[in-house]
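Mind docking chain B on chain A? Use the hints.
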Amino acid sequence: MMYLKSAYEIRDKYMRKDMLPTIFCPGCGIGSALQFTLRAIDDLGLNQDEIVWVSGIGCSSRVPGFVNFDGLHTTHGRALAFATGIKLTNPDLRIIAFMGDGDAAAIGGNHLIHAIRRNLDVTVILINNFTYGMTGGQVAPTTLKGLRGTTAPYGQFENPFDIAQLAVSAGANYVARWSVFNYLQGMNSIKKALQKEGFTLVEFLSPCPVSFGRRNRMKTSPELLRWYQKITVPLAKAKKMKPEELEGKIVIGEFVDRDRPGLVREYEAYKKRAKKMMGWEE
Amino acid sequence: MRYPFPVGKSDFIQGDEAVARAAILAGCRFYAGYPITPASEIFEAMALYMPLVDGVSIQMEDEIASIAAIIGASWAGAKAMTATSGPGFSLMQENLGYAIMTETPIVVVNMMRGGPSTGQPTFPAQGDIMQAIWGTHGDHMLIVLSPSTVQEAFDFTIRAFNLAEKYRTPVVLLGDAELAHMRERVYIPNPDEIEITYRKLPRNEEEAKLPFGDPHGDGVPPMPIFGKGYRTYVTGLTHDEHGRPRTVEPEVHQRLISRIFRKILDHRDEIISYETFELDDAEIAIISTGIVSRSAIRAVKILRERGVKAGLLKLHTIWPFDFEVIEELAERVRKIYVPEMNMGQLYHLVREGANGKADVELIAKIGGEVHTPMEIAERVVG
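Residue numbers (this note's numbering), protein chains in the order written: chain A, 1 to 282; chain B, 1 to 382.
Everything labelled a hint here was simulated from the structure, so no lab data went into it.
These numbers come from a predicted model, not from an experiment.
C-beta: ideal position from N, C-alpha, C; glycine also.
Any given hint could turn out to be false.
Here are a few chain A residues that face chain B, going by a calculated C-beta distance under 8 angstroms [unchecked claim]:
| no. | residue |
| --- | --- |
| 1 | Asp18 |
| 2 | Asp70 |
| 3 | Thr75 |
| 4 | Gly85 |
| 5 | Thr89 |
| 6 | Lys271 |
This is chain A alone, in the form it adopts within the complex:
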C-alpha cells in the first residue's frame, strides 16, 4: 500500500512548525495540492536538502514559506527566471515552483513560455483558481467567460488561457491537469513530473470559495468541487467529443509525456562544445 502515512506525519516531517497556521482561507485548495506534492516527495524518497522551492507572489506563492526546505519567495511572476539561475548554478538541486494562475500566466507569462522553451529542469505546481485570491477576487487570464470578478463585475468578457495546452505547445516534457478533487491522479502526476528531466507542469483546478466562489454563486468548497466535476472532461472522453460539445468545458488528464533533453544537459553539452571549438579539450 502506498499512502499509509497520516497527514500529521507528512506535516511534521515536511512543514515548518513555527510558520503554522498557514494564511489559507477555509475551503482553499492550495493545502490539498501541497499535500499531494509532499506525499509525492515522500513516496519517491527524495532528499529534502536537495530540493529548492521557488515562488512568485500570491496565495500559492506563500507555500515555500510553510515547508521545511530551502525556499525563494520572489517577485510577482518571476519565479521561473530566479529558478533558471539556481538550477544552472547547482544542477544537483531539484526545483519545485509553486505558482498561481495570475502569477504564471499574466505577469509571469513570458517567463513561463521561455522557461518551457528552454526546457528548464523544474517542476511547476500550478494552482488555477480562476482568480486573484490574495488581492480579493479580480479576474485572471484563466477566468472563464461570463464568470465574475471584482474587476469584471458584470462577467469576464475576455477569452481565457489554457495554461496546460500552452505548456504543451511551448515544448514541456510533461504536462497534466487535474482538479484537487482528483487526489490520486494528481499525486501520481506530481510523482511522474518530479522524476523527469526538463520542464514539467501539473495544473490543479483549485477552489477559492472566499474570493472567487462567493462572487459566482458557489460559496463553499464542496460547491466548487461539484462544479469542477461538471465542467471537467477526461482527455479520453474529450477526444471523442465535437468542438461545440467541449465549449465551456475543461479537459483534464495527462497531455504530454516525452523526454527531450533538459536545459542543464543542453548547457553541459554546450560547454563541452565551446572547449572543443577553442581547442581547450579534445
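Chain B alone, transformed into the frame defined by chain A:
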C-alpha cells in the same frame, strides 16, 4: 586555472570587454543578460568566456528575468552579474529592490545612454545617477561605483564584486556609452595579484539559523546558500532574523531596514573612494564622476596654466555619498562647479554636502557629447 584571455599583461580593449574580463577574474561564474546598446559587448564577451571557465552565460527573455536569474544564481552560491543600459535598468528596478531586501550579493552594470525612454542608444549620458541610487521603491541602501577610464572599469568591477560579497548587497557599476565602447590600454593582472572576497558562509548551525540576523555585530549576516542542508527561506516580505515573514510588526521592519542601512553606512570609510587633483590649495573646486572627470582633469590643468587655483574631486563611489568631504571642501573653496551629462543630479548631492558654505554651480550638458575641457574651463573663468 586557465583563462580565456591573457593575464599579467596589458591589452588594448573596450570598456565593456574590461568589465567582462574583470568579472571573470573576480570569480563571477554566472551571467544572465539581454541585448542592449551599449552594454551588449559585455554579454558577448561573457558568452565567449563563461563556458570555457565552467561558468554560465545565458540570454534571458528580458532584463527582469536577467536580474532574477543572477539573484537565483547567487543564492545557489555563484558570484553573478548582469549588464544593461537605461531601458533595461528601469526594468530591473523591482528585482534590484528584491536583492537589497534579501541581501543578495550581485553586480549590476548600467552603461548609461541618453534618455528618457529609448533616447540616444549609442550616445553617453549620466542621466541614471539618481535612478541607480533611488530607482527601486521603498527605503533602501546599496552601493554605486562610477568609473571614468577603461582601467577603472576593470578595477571597479573587481571592487564591485568584493563589496557585494563582503556586505551581501547589490552593487551597481555605473558607466556610460563612451566608456563602454572606448578602447584604452588596460593592465589585466595575474589572479594572484588581485584581492578577492567571497561572502561569509555560516560557520555553524546557529549562524545558519540567522540568515537575516547580525551574529557578528557588523550588520552583515553569513549567507546560508541553497543545497547545504540549512533549509533557508528567503522572502522579499519584511522578515525577522530567521527569514520568517513578519509584515505587521513595525519594529521588525524597522530593525531589518535599519540594519541594511547600517551595514553599509557603518563601513562608509571602506566603501567610499575618490581621487583629488590639485585640490590642496584650490580656490575653485570641480566635482565630477565618470566619463566627465577626464575632461575635468584637463580643465584643471588649463585653469592652472591661466593662474586660476582650480582643483578636482573625482568621485569613484557615488553611493553612499561622502557629504562630509564635500562640506570640508566647501569650507575652504570659493566656488564649486559640477559638470555632468544630465540636467543636474550629482549637483543636488553636492549642494546638500556643501551645506551653503560655498556656491555650487551646475555645468549641465546633454545630447550625447562629453563636455570638452574648454567648456568647463570657460565656465569657471566666466
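Violated hints - listed by number, lowest first: none
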